[in-house]
Amino acid sequence: MREGVTEMSQRIHTIHTVSLWICIVIGIIVFGAMAYTIYAHRRSKPPEPADFHEHLGVEIIWTIIPVLILAGLAVPAAKTLIDIEDNSNASMTVLITGSQWKWHYQYLDADIDYYSNLATPTTQINSCLIDLFCDLPDEQGIAKPLRESNENYLLEVDKPLVLPANRKVRFLMTSNDVIHSWWVPDFAVKQDALPGFINEAWANVPEPGTYRGQCTELCGKDHAYMPVVVDVRPEAEFDQWVEDQRIAKELASGQAVADREKTWSLAELMEIGEGVYSTHCATCHQPNGEGQGTTYPALDGSEIATGPIPVHIDRVMNGKEATEMQAWAPQLSDRDLAAVVTYERNAWGNTTQDVVQPRTIFENR
Amino acid sequence: MVAHAEHVPHRSGLAAFIARWTLTTNHKEIGSMYLWFAFTMFFIGGALAMGIRLELFMPGIQLIDPGFYNQFVTMHGLIMVFGAVMPAFVGLANWQIPLMIGAPDMALPRLNNFSFWILPFAFTMLLSSFFMDGGAPNFGWTFYAPLSTTYGPDSTDFFIFGVHMMGISSVLGAINIMVTIFNLRAPGMKLMEMPLFVWTWLITAFLLITAMPVLAGVVTMMLTDRHFDTSFFSADGGGDPLIFQHVFWFFGHPEVYIMILPGFGIASEIIPTFARKKLFGYNSMVYATASIAFLSYIVWGHHMFAVGMPLWVEMTFMICTMFIAVPTGVKVFNWTATMWRGAMTFETPMLFAIAFVVLFTIGGFSGLMLAIVPADFQYHDTYFVVAHFHYTLYPGAIFGTMAAVYYWLPKWSGHMYDERLGKIHFWTATIAVNLTFFPMHFSGLAGMPRRIVDYSLQFADFNMLSSIGAGLLGLTQLFFLYIVIKTIRGGKPATDKVWESAEGLEWTIPSPAPLHTFETPPAWPITDAREDQAARV
Ligand code: HEM
Ligand SMILES: [Cu+2]
Ligand SMILES: [Cu+2]
Numbered sequence: 001m002r003e004g005v006t007e008m009s010q011r012i013h014t015i016h017t018v019s020l021w022i023c024i025v026i027g028i029i030v031f032g033a034m035a036y037t038i039y040a041h042r043r044s045k046p047p048e049p050a051d052f053h054e055h056l057g058v059e060i061i062w063t064i065i066p067v068l069i070l071a072g073l074a075v076p077a078a079k080t081l082i083d084i085e086d087n088s089n090a091s092m093t094v095l096i097t098g099s100q101w102k103w104h105y106q107y108l109d110a111d112i113d114y115y116s117n118l119a120t121p122t123t124q125i126n127s128c129l130i131d132l133f134c135d136l137p138d139e140q141g142i143a144k145p146l147r148e149s150n151e152n153y154l155l156e157v158d159k160p161l162v163l164p165a166n167r168k169v170r171f172l173m174t175s176n177d178v179i180h181s182w183w184v185p186d187f188a189v190k191q192d193a194l195p196g197f198i199n200e201a202w203a204n205v206p207e208p209g210t211y212r213g214q215c216t217e218l219c220g221k222d223h224a225y226m227p228v229v230v231d232v233r234p235e236a237e238f239d240q241w242v243e244d245q246r247i248a249k250e251l252a253s254g255q256a257v258a259d260r261e262k263t264w265s266l267a268e269l270m271e272i273g274e275g276v277y278s279t280h281c282a283t284c285h286q287p288n289g290e291g292q293g294t295t296y297p298a299l300d301g302s303e304i305a306t307g308p309i310p311v312h313i314d315r316v317m318n319g320k321e322a323t324e325m326q327a328w329a330p331q332l333s334d335r336d337l338a339a340v341v342t343y344e345r346n347a348w349g350n351t352t353q354d355v356v357q358p359r360t361i362f363e364n365r
Numbered sequence: 366m367v368a369h370a371e372h373v374p375h376r377s378g379l380a381a382f383i384a385r386w387t388l389t390t391n392h393k394e395i396g397s398m399y400l401w402f403a404f405t406m407f408f409i410g411g412a413l414a415m416g417i418r419l420e421l422f423m424p425g426i427q428l429i430d431p432g433f434y435n436q437f438v439t440m441h442g443l444i445m446v447f448g449a450v451m452p453a454f455v456g457l458a459n460w461q462i463p464l465m466i467g468a469p470d471m472a473l474p475r476l477n478n479f480s481f482w483i484l485p486f487a488f489t490m491l492l493s494s495f496f497m498d499g500g501a502p503n504f505g506w507t508f509y510a511p512l513s514t515t516y517g518p519d520s521t522d523f524f525i526f527g528v529h530m531m532g533i534s535s536v537l538g539a540i541n542i543m544v545t546i547f548n549l550r551a552p553g554m555k556l557m558e559m560p561l562f563v564w565t566w567l568i569t570a571f572l573l574i575t576a577m578p579v580l581a582g583v584v585t586m587m588l589t590d591r592h593f594d595t596s597f598f599s600a601d602g603g604g605d606p607l608i609f610q611h612v613f614w615f616f617g618h619p620e621v622y623i624m625i626l627p628g629f630g631i632a633s634e635i636i637p638t639f640a641r642k643k644l645f646g647y648n649s650m651v652y653a654t655a656s657i658a659f660l661s662y663i664v665w666g667h668h669m670f671a672v673g674m675p676l677w678v679e680m681t682f683m684i685c686t687m688f689i690a691v692p693t694g695v696k697v698f699n700w701t702a703t704m705w706r707g708a709m710t711f712e713t714p715m716l717f718a719i720a721f722v723v724l725f726t727i728g729g730f731s732g733l734m735l736a737i738v739p740a741d742f743q744y745h746d747t748y749f750v751v752a753h754f755h756y757t758l759y760p761g762a763i764f765g766t767m768a769a770v771y772y773w774l775p776k777w778s779g780h781m782y783d784e785r786l787g788k789i790h791f792w793t794a795t796i797a798v799n800l801t802f803f804p805m806h807f808s809g810l811a812g813m814p815r816r817i818v819d820y821s822l823q824f825a826d827f828n829m830l831s832s833i834g835a836g837l838l839g840l841t842q843l844f845f846l847y848i849v850i851k852t853i854r855g856g857k858p859a860t861d862k863v864w865e866s867a868e869g870l871e872w873t874i875p876s877p878a879p880l881h882t883f884e885t886p887p888a889w890p891i892t893d894a895r896e897d898q899a900a901r902v
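Line by line, the protein sequences are chains A and B.
At position 362 of the first sequence the residue is numbered 362 (our numbering), and the sequence of numbers has no breaks.
At position 465 of the second sequence the residue is numbered 830 (our numbering), and the sequence of numbers has no breaks.
Check each hint, because a few of them may be wrong.
[Said to hold, decoys possible] Here are the computed lysine to aspartate or glutamate pairs in the DMTMM-like style, where the Cα-Cα straight-line distance is at most 25 Å:
no.	chain 1	residue 1	chain 2	residue 2
1	A	Lys-262	A	Glu-250
2	A	Lys-159	A	Asp-231
3	A	Lys-320	B	Glu-784
4	A	Lys-320	B	Asp-601
5	A	Lys-249	A	Glu-237
6	A	Lys-168	A	Asp-231
7	A	Lys-159	A	Asp-239
8	A	Lys-320	B	Asp-605
9	A	Lys-159	A	Asp-86
10	A	Lys-320	B	Asp-498
11	A	Lys-320	B	Asp-522
12	B	Lys-643	B	Asp-498
13	A	Lys-79	A	Glu-3
14	B	Lys-862	A	Asp-51
15	B	Lys-862	A	Glu-48
16	A	Lys-45	B	Glu-868
17	B	Lys-555	A	Glu-59
18	A	Lys-249	A	Asp-259
19	A	Lys-168	A	Glu-85
20	B	Lys-555	A	Asp-51
21	A	Lys-249	A	Asp-111
22	A	Lys-45	B	Glu-784
23	B	Lys-643	A	Glu-200
24	A	Lys-249	A	Asp-231
Since the hints were made in silico from the structure, they are not lab data.
Just so you know, these numbers come straight off a predicted model, no measurement behind them.
Given these sequences and hints, build the entire structure.
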C-alpha cells in the first residue's frame, strides 16, 4: 500500500503493515505446522495413525488467542476511524460532483468552479493488436505519441484540483447521475459520490506536489477514464491562484460579451465546433457522428440535428433526463455551444447551412 | 416414492433419450445434470474471463471496447456465481446427500426435476442478452442502482427475470435438501452423527431460503423503478440509492457463504479419509459452521464502508466481520489437527483438499485485512478485493468441487480416474491459480481500481503475469474435462469402498452406484456386515 503524504494515510499505512505482518506470522505458524505434518506424518513414516479426535483444552485455546489478536487490531483501527470521521475545523470546502465521466470542482469559499477531464489523447488509448504498428505515422504523417513514453497515461487531466498545502480542506461529494467514487491514494481519501446525497471527507496535505488517483466505483462505459489529479501548492501560491482565477473569470465574462455581440461566420464556428465536438461529444457519438448501436444515437442525419434549431439547442443545452445525454449548458460557454450545434448541423452528411450565434444561446440560458 | 424413467412409455432412440433426461426424478441423474450444467457454465464464464485477461494483457484498448468490457465483467461474475458454483454444489448435494444419510432419493423428486430444469432456461435468457440491442448487462454482478435502473440497457429486464428464475430454482432446491435431511436419515442416525458435508449443506440450505428471497425482492424493486414509476432507489422521488446496496448485500454476504460452506464440508470428508484418522473436533466444526452462517447476516455493511455510513455503524460492522475470523480459524486448526499424526497419502482429492485449506486461508487473511475500516478505505474497489475473493472462490468453491469430483467420481462411474493425470492437473492448476491471482494483490495495493478496461503503466507487469497465469488456468480446465470424460468411459474398476479408510454409508453400496440405492433403510451405525448391506440394496 502506498504510504501517502498525509498524517491519516500514514497511520493507515501503519495499520496495514501491522495487520499484514500478523497475517504473515500466523500464516507461517499454521502453514508450517501443515508442512511439518504433511512431511512427518505421511503414511510411509508411521504406518499406523494416532487415534485422537477431540481435545477441549486445545480447542478453547485456539478460539481465545484469535479473539485477543483481533481485539488488538480493532482498537487502533477504531481510534483512527474516529479521527478520520472528524470533519470539524476545516479552513475551506470544495464541492466535488461526479458525472459521466468527469469531475466538477466548486470552491464554496471563492467564486471558482470548473470541470476536470481526462487529458490522455485517444490516439494513445486505442491501439492495434500488435503494438508495434501503432507507432507508424497516421495519414497526416504525424507520428502518434507513444503510450509508453507517457508516464501519466490515464492519470492526467486538463484542469487539476488546486489545493493549498497545510490547510484542512473539507470535501463534499455528490453526483449528477450514477455513483462515482473519488479516490486519491496518497491522501487515503476514498468517498462515494451519490446522486442526491452529500458525503463528507477531508485532507490536510503537508507537502506540495501533484497527486493522482481514479474513480473507483463502476460508473458506466468510461469508468477507467475518470482520473483525479490534485495539484497541491504552497499557501501563498494557492492564494495567488485564487486571485488569478478571479481575474480570469472577469476577462472571460468580458470575452463572453464580446462573443455575443459579434456575428460569426459558418467557417469560424465550424472550426471551433469541431474541436468542442471531439473533446466532449465524440466518446459517445463517435468522431464520424455515427453513434454506437442504439445506445448512442447517430447525429449524422439525425432528426434533431437536422430539424428545428430550437429543439436541437434545447437537447444540447439541457440534455435529456435519465439518459447519458447530459446538460451541457453549465459546462460550455455560449460560443462553444453555438459552435458545436452549428458543427453538428453541418458536419458529415448534414448540410443545413444553419448558423447558430452565441447570442441565441445566451438568450436560451 | 421413486418415480423415474421406467414409468415413461417406451420410445425409441432420441425421443427416449430426451424423455429420460427431461422427465427423470432420480437424484443421481439429476445430480449429474446439475454437474454437467455447472461445468458448461464454468467454461462459458471462463471464456469471458479469458477475454477479460486478454484485454488486460497490456495497457491500451486492443480487443474489447470499454462498453463491451463491462458486459464481459458483469456476465463473468454472474455466470460463475449463479451458473457454475451454486449448481455444482446442488449437484453434489443431489448425488451425495441421499447416499450419505441412507435415503432412497431426495424427499421431493419431482420438485427436484423442476428446480433443475428452470436453470437452462434462466441462463439461456441471461446469455441471449449479449445479442440484444444495447448489449448484455454492464453494471457489474452487484448491479448497483442507478447504473442498473435508470441507466441500465434494455436487456436489464431479461436479467431481472433470469435472476427470479434462478432464485426460484435455488429456493426449491434448498427446501428439498432440508426436507430430505430432516426426514429421510437412516433410522437411528442422529443429527450430530451426520457427515459434515450433510451438515454444511443443511446450514447452506437455511442461508439459501432466507437470502434468495431478498435478492428476488431487490430485483423486483428494480423492475418497478424501471417501469412502474416507483423510486426506491432514486433520490428524485424520495428514495435512496443506498437502499439498493443495503438490500443487495443483505443477500450478498450470506451468498458468499453459500458458495463456501459446502466446500468446508467436502474438505472435512476428504481429509480424514486420507489421514486415516477421524475428523478432529466434529462438534466444534458443526458449531463453527453454524456461527459463520449466523454472523454472515450481520456483516453486510463491510462491502459499503466507502458509501458514507455513520461512525458507529462502521464500527459495528467492522467488529462483527472480524469475529467471523474466529470460527473460520477454528476450522482451519481442526483440519490441521486432523492431519496431525495421521498416516497420510496424497491422492488427487487429498491434494485438492489441502490446497483448498491453504489457499482459502490466504483469502481469509486478506478478508481480515479488508475488515479493518480505515485500511479498507484504501483497499476498497481495487484489485486487492479481486484477489481476495478469487482466493476464496477459486481454491475454495472450485477446488472444493474438483476435490469432490475426484473423490466421488469412482463411486459414480465405477472407474478410477488416472492418478498420474490427476496429479498433473492438480499441480498445473495450483501454480496457475497463484500466478493469476497473487499478482492482483500487488496491483491492488499499488492503486489499480477494479472493473477498469485500461490501466496506467505502473500496473503493466503485474497484469501481464496475471494474464499469462489465466491462460494456463484455462488450459488446465480443458485437461480436467478430458480426465473426467476418460474416467467415465473406462479405467480401472473401482472397489465398493474405493478409498482404503473411507467411512460413511456411500461406501457400503456397489461401484458404480446403481440407479436405486437404500430402498430399504440401511442399518445405522454401520455394522461390519457390508456384504449384507450390499445384498439389501
Ligand atoms: C479462469 C479463471 C478466472 C479468471 C482468469 C478470472 C478473472 C477475473 C478478473 C480479471 C476479474 C476482474 C475484472 C475487473 O474487475 O475488471 C474478475 C471478476 C470476477 N470474478 Fe473472476 N476469474 C476467474 C474465475 C472466477 C471464478 C471461478 C469465479 C466464481 C466462482 C469468479 C468470480 C468473479 C466475480 C464475482 C467477479 C466480479 C465481477 C464484477 O466485478 O462484477 N471468477 N474475474
Ligand atoms: Cu467510475
Ligand atoms: Cu461480504
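Evaluated hints:
| no. | hint | in the structure |
| --- | --- | --- |
| 1 | A:Lys-262 x A:Glu-250 | holds (19 Å) |
| 2 | A:Lys-159 x A:Asp-231 | holds (9 Å) |
| 3 | A:Lys-320 x B:Glu-784 | violated (63 Å) |
| 4 | A:Lys-320 x B:Asp-601 | holds (15 Å) |
| 5 | A:Lys-249 x A:Glu-237 | holds (18 Å) |
| 6 | A:Lys-168 x A:Asp-231 | holds (15 Å) |
| 7 | A:Lys-159 x A:Asp-239 | holds (17 Å) |
| 8 | A:Lys-320 x B:Asp-605 | holds (21 Å) |
| 9 | A:Lys-159 x A:Asp-86 | violated (29 Å) |
| 10 | A:Lys-320 x B:Asp-498 | holds (20 Å) |
| 11 | A:Lys-320 x B:Asp-522 | holds (22 Å) |
| 12 | B:Lys-643 x B:Asp-498 | violated (57 Å) |
| 13 | A:Lys-79 x A:Glu-3 | holds (19 Å) |
| 14 | B:Lys-862 x A:Asp-51 | holds (21 Å) |
| 15 | B:Lys-862 x A:Glu-48 | holds (20 Å) |
| 16 | A:Lys-45 x B:Glu-868 | holds (23 Å) |
| 17 | B:Lys-555 x A:Glu-59 | holds (23 Å) |
| 18 | A:Lys-249 x A:Asp-259 | holds (15 Å) |
| 19 | A:Lys-168 x A:Glu-85 | holds (13 Å) |
| 20 | B:Lys-555 x A:Asp-51 | holds (23 Å) |
| 21 | A:Lys-249 x A:Asp-111 | holds (9 Å) |
| 22 | A:Lys-45 x B:Glu-784 | holds (22 Å) |
| 23 | B:Lys-643 x A:Glu-200 | violated (55 Å) |
| 24 | A:Lys-249 x A:Asp-231 | holds (20 Å) |
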